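Join the two chains, each given in its own frame, into one complex according to the hints.
Heads up: the protein sequence lines correspond to chains W and Z, in order.
For the first sequence, this note's numbering begins at 296 and goes up steadily by one.
For the second sequence, this note's numbering begins at 586 and goes up steadily by one.
Source of the hints: derived by calculation from the structure; they are not laboratory data.
Keep in mind it's a predicted model, so treat the numbers as computed, not measured.
If a hint is listed, it holds; no wrong ones were tucked in.
What the simulated footprint calls covered on chain Z by chain W, stretch by stretch (three residues with Cβ under 8 Å from a Cβ of chain W suffice, anywhere in the stretch; the number is not a length):
{"id": "1", "stretch": "612-618"}
{"id": "2", "stretch": "660-674"}
Take a look, some chain Z residues computed to stay more than 10 Å from chain W by CB distance:
{"id": "3", "residue": "654"}
{"id": "4", "residue": "701"}
{"id": "5", "residue": "736"}
Heads up, the beta-carbon is just placed ideally off N, CA and C, and yes, glycines get one too.
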Amino acid sequence: MSIMGTRVVRVEDPRLLTAGGTYTDDLRVPELAGAAYVTFVRSPFAHARITGIDTSAALGTEGVVAVLTAQDLDDVPPPPADQPIAEPMLARDTVRYVGEPVALVVTDGRYQGEDAAELVNVDYEPLPAVIDLDDALRGDTLLFPDAGSNVVAADDGGAADQAEDPFAGCEVVVERTIVNQRVAPVPLETRAAAAAWADDRLTAWVSTQNAHWSRDAIAGGVGLDPSAVRVITPDVGGGFGAKIGADREAVAVAWAARRTGRPMRWVETRSENLVAMTHGRGQRHTIKIGGTRDGRITAYHLDLVQDAGAYPRQGVLLATLTKAMATGVYDIAHTRAGYQVVLTNTTPVGAYRGAGRPEATAAIERAVDLFAAEIGMDPAEVRRRNFVTPDRFPYTTPGGMEYDTGEYAAALDRVLAAAGYSELRADQERRRAAGEPVQLGIGLSTYVEITGGVPELGETARLEVHDDGSVTAWTGSSPHGQGHATAWAMLVHDELGVPMDKISVKHGDTDALAMGIGTFGSRSLQLGGTAVHQAALDVKERARELAANELEADKNDLEFDQAGGLWRVRGTPDIGLDWGRLARLAGPDGLTADVHFTSNKATFPFGAHVAVVEADVETGKVRLVRHVTVDDAGPILNPILAEGQREGGIAQGAAQALLEEVLYDREGNPITSTLVDYPFITATELPSFELVDMATPTPVNPLGVKGIGEAGTIGATPAVQNAVVDAVSHLGVRHIDMPTTPERVWTAINEARAGQ
Amino acid sequence: MKVTITVNGEPIQEDVEDRTLLVHFLRDIANLTATNIGCDTTSCGACTVLMDGESVKSCTVLAAQADGAEVTTVEGLAGQGGELHPMQRAFQAEHGLQCGFCTPGMVMAAVSLLKENPHPTEDEVRTGLEGNLCRCTGYHNIVRAVLAAAEENS
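Just chain Z, same shape as in the assembly (with noise of 0.2 Å):
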């Protein structure tokens, strides 16, 4: 079938297999690797997305379910000059990643997360990332991150 997707501002149009995942489309046709799969049952959260602002586990969306959407990726994130978007900054500034592979969907559940609660309590930031997992932070400063990122909104 075919599917168009807006993917960080600029449409994307391409015929699909109807059961094409929105996270195979977004690496694969949309060439966008930054999204990445860690699990196949949506546990992990390292393909969370927005879609039309809201979070979404790209590997439990059809692309066929997210035609005519508006979806942003870490690699959407940062504005036109390159500088960083507040959550990359406070992920860089506070030791928020290691690998790096959970890190773009972890990013992006954190930029949700605030847009929701723009002041969490420590308590709310653990509660909203629960499915988005990392192995080895521990979570420790992807959680004083958020709280960074949430303190400079203020």
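So that you can see chain W by itself, here it is in the shape it has in the complex (with noise of 0.2 Å):
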């Protein structure tokens, strides 16, 4: 019997509860013994101009080993000449965000570093810092003047070529600018590396989502041979888009060990992250929906800025994404999306956690709601008279993406039921009759998202059959959390009936796997999966030959016996095979296979969230008090895990909706640097979760998955804030930009009265 859909208990769990995991900064291995702590000296300004570092009093200091500026980085490859905008390992001329690396400072102890960078003397001639949007685009000072524009990237849809307005024969059209703000992705650990320089290799620990590309942007900054690259990737304390690759920083840790010959550490403070990990989301939407008042949508245009922050690492990435999925679920006659990606001195914006697609979908899902209020019908209705419906499938959107299954309809039915929406709204229509304090918002989003994007880049596995009879699987993808260990060891074990406690997964090692793409995307297990899935066909089919060559038989009489892990001749259930036989029959190139899985379709899942707040009228005060969801991703290997990542996501998509928000001062001064200002959500502020059930298989690949790891904050973020528009519309309110915090939600009823 098939081990799919099985609640396991994860393998990883016993060792990270009982020694804890071992982070970039718990290593203690034999290449890092003597390292030295590498601390960087940052940027103050938002926007300068370097005119002089001076390290001596740092380099006359107990403890310091040495201290790095751009000065010393004439050893690796120049950025190249013929591209305006590019991002140093360290500042040369120019400071663009409050954060950006300057200097870094090689200490004998740990403690030092700080004191020593304190001592680095850098002189600034601040220069205007451009930190409003507005201001970026009109572009009266530039972050790269030889750019001659702050826009790296514009699109605008089409909207030149439209001849007719497509609003013109609307009943109805509402148009509103709302703002996704930026947020932080504060994974527990922040980021890490560690480096060691021997015999003309360079070994590097990132504390990262993909340990090949990592080699290649370090191989690429140092200037190596990728070959001459070994990293390892320890444990790492999550990621959610933000440990995509190699920071500036882990390049100049491994630049910084080959040229002292060194070992070298470096862990950042939680204040370093929060102003020099990338953000996330930071895009500011122009959205404008009509239709007709029977409440169909015929029409809907997106226009977004997206702030890129000061070097354009994910920004373009983010805007295209957002454009391309903006029509959601819904079938509408006249789309449009256009973007303009735009530098600002702020932190660079990266993914996080849905990287685009949360951004799409609250903007249409915030629309439908405007459009909903507008002509005074439930928002479900309009919802579901709106969906692109099942015998449309595989649809092509407005935006190219080829949607391969989907049950729009289905899955909002199943999550209104399973949250009583008609009681619900009972509850709010007596709370409102009764002009009770704490009035009840109820809010839906309809969504559906893209995984596995970029499916050609595949990912990679391998086999391998030891001579006990135990396997260990290699996988390129790169876990941070979500328990691969289990999971491909679930796979394996589905395939060749090894017992799970034989079965040893291992990522994260260039030297031992040498190609692999690694975690981002929601792409885990229907690229890694399939892959580690496909090698054990593979191994089976090998094993075949092996046992029919053994046993003298035609291979196929031979049959396998999943539950004993025996390959018998049909008909002789005496003598069979078991996989340490065939792995010593193998001989010395061993009973191995190794994948490399692609494909040419990324998959497309669904689902519904319902979200249900309290919201305090007097002081705007509100409580996230239910929240539930259908989140459909095809078969679930393993409900535990999958529902772990619907959780996780949920709580940051509410963070955002609720409470969470990057902000700087006029001058880009940072002002939530710090875990005391940065409103982290904590479990507080959340109920318990309630999860409901929906599995549509994909054609796309033979497990018939879709990835589960971004839902939650596509689905929930919407959902929360539409829930808390929806407990003050009765009082004339129809917007409140996120966080909605007790402010805005104040500021917003008072705004509604004083205008009625």
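Here it is in structure tokens:
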């Protein structure tokens, strides 16, 4: 019987619960014996010219091994001369955000680094800081004057080609500018790296989601052939998109190790992390939605401005993903989505759980609610009247996405039933009629997202059956909490019948597995899992040949007893070959399989969320009291893991809707740079979640699976925001920007009252 | 200064810099790296350990303050034969951890919580763990784990 769908507790956990994981700063490996500590000197200005750096005071301090600045970058490849915008390893003549690395201090002791960093004297000549998006677009001050503009990418989505105004015939049109605010990913483990140079090779340990991409980034940055670099990924304490690849600090740590010949360790403080790790979201949306009074949406436009921060790392990718997914689950006759990606003197913006899709969903789900409010129709009914219907699949969207499978109305019906939607509306009606101070808000979102995007990159796996019958599965995928060790062992067990405790899953060593991609975009199971599955099938095929040879039988006469893990000739139950025997029979080449599974199609999970909030209309204080979800990602390998992914994402979505925001003052000084100032969501601000199952397979891969990692943020963020607006909509409120803090809710109520 | 701290039953004496934090004493001197550092403002609780039976955030305690104290980290929680503490067992059974980084501190905070309040309500668990942050689980299964461990106590 297949183990698919079984609630298997994680094999990772006993170690994590007793000895703790081995995160990068926990490494006590011989290669790092005597390692020095790296501390970065970071810019205190959002935009300034560097006119001089005096390292003498720092160098004269006890324990200081070296102080390195851009002047010392004489042994690495220079930035490409033909590109006006490039991100240096250390700032050379200009700093462009508070927190940008300017120098690095190498010390014998951990604490000496912070002392010495303060003694590095950098002379700055402040420049005007570009913080506001409109200032950035106007371009009076340019971050890169040679580029001629702060806008690094733009696409109006064909606005110029539109001959007729699609809104001209609409009975109702609503237009609004809304903010999808900048938030901080805050994995509990900050960024960290270590490096050692020996025998003309660099070994780097990086807290990353992609060992192989990190290897290539470090090799390129330091000026080595990738074959001269080995990257090892120890346990990683969360990533959420912000640990994709290797940041400039990790490259600099590797460079310092090579340059000085001394092993190096670096782990950033949380205060550094909040200004120097990429932030997420950071979009402004202008939405326009129109249709008929009976609830048919016929036109939707989204124009977004993506704040890329000071360097355009993934800002363009985020904007293009939002554009691609702009129309969501709806079938709308006339649509257009455009973007401008603009630089500001702030921390660079990158992927954060959902990366462009939560923004697309937030925009259209808010738009649909605005439309519903305008025509006075229940938002669930408006959604139902506009879904792409099941008979349309595979469905190509106006954004060019090919949706594989979807049952949007079924997902909505299921979540409404589970939430008790009509009872909730009745309770809301009662509270409104009674004029109670604590009002109920019910928020919906129905979403579709893209997972396993860029499927042609695929993922790698290697399976090796050992002489004792145990199996090692190497994966190019890169876990940081998802539970790959359990999930991949389940896949191997399912095909080979080897007991779970005899299957060892390994990842994150570029010498052991030369090719791999990593974990992002909810791709692991559908690509990395399929690769492991395929490798198990390949091993079985090879085993069949070996067994046929040994048993002197035709291979078609062989049968495999999965429960016993034995190969037999049909009709001779007494003689069976086990995996250890077959591995020995395979000889020096071993019984192995190497797979690089690629696909040409992404998958499109979907779902529906209901958030229920209580809002105190006298204080503006909102509390999330229930969150009910259907998240359909196809068949589930291990429900424990899938539910964990959903729950974590819901919390992060609720956090953005209710609390969290990265803020700068007008000069570009971050004012949320510690966990005292940044309102990271806690256990007290959340309820337990109510998860409802639904599984619609995809034909895109042999397991029929889609990704589940980002469903939570994509679905929950607009559901919670819509619930907050709904709680006070009877007072005339139509919209409240995120985060829906008490001050904002209170202000919205009072402005609505004043306007009536 | 010279300090002696008994960590998981074993006295450790060391001459440390005055400003040495307890968490660095545990990680760099006692070589017990399960206790993690997640912030620099006493906000996240990843470094929570028990000091003389009370939960403390070890990033905000000087090693000097812990001189003569008994400290328990998550490494000292399982039984002599390696059998998991009920809280550790509950965290695995309920999938109360994902990346594992907040986990040692979270487990120690939860142990301390049940010591003070052996049969908490869900709200009391949530309030009791407010000072321990987790980015992976949404707290959902952490709360379930603590309630399950409390159930096992009864």
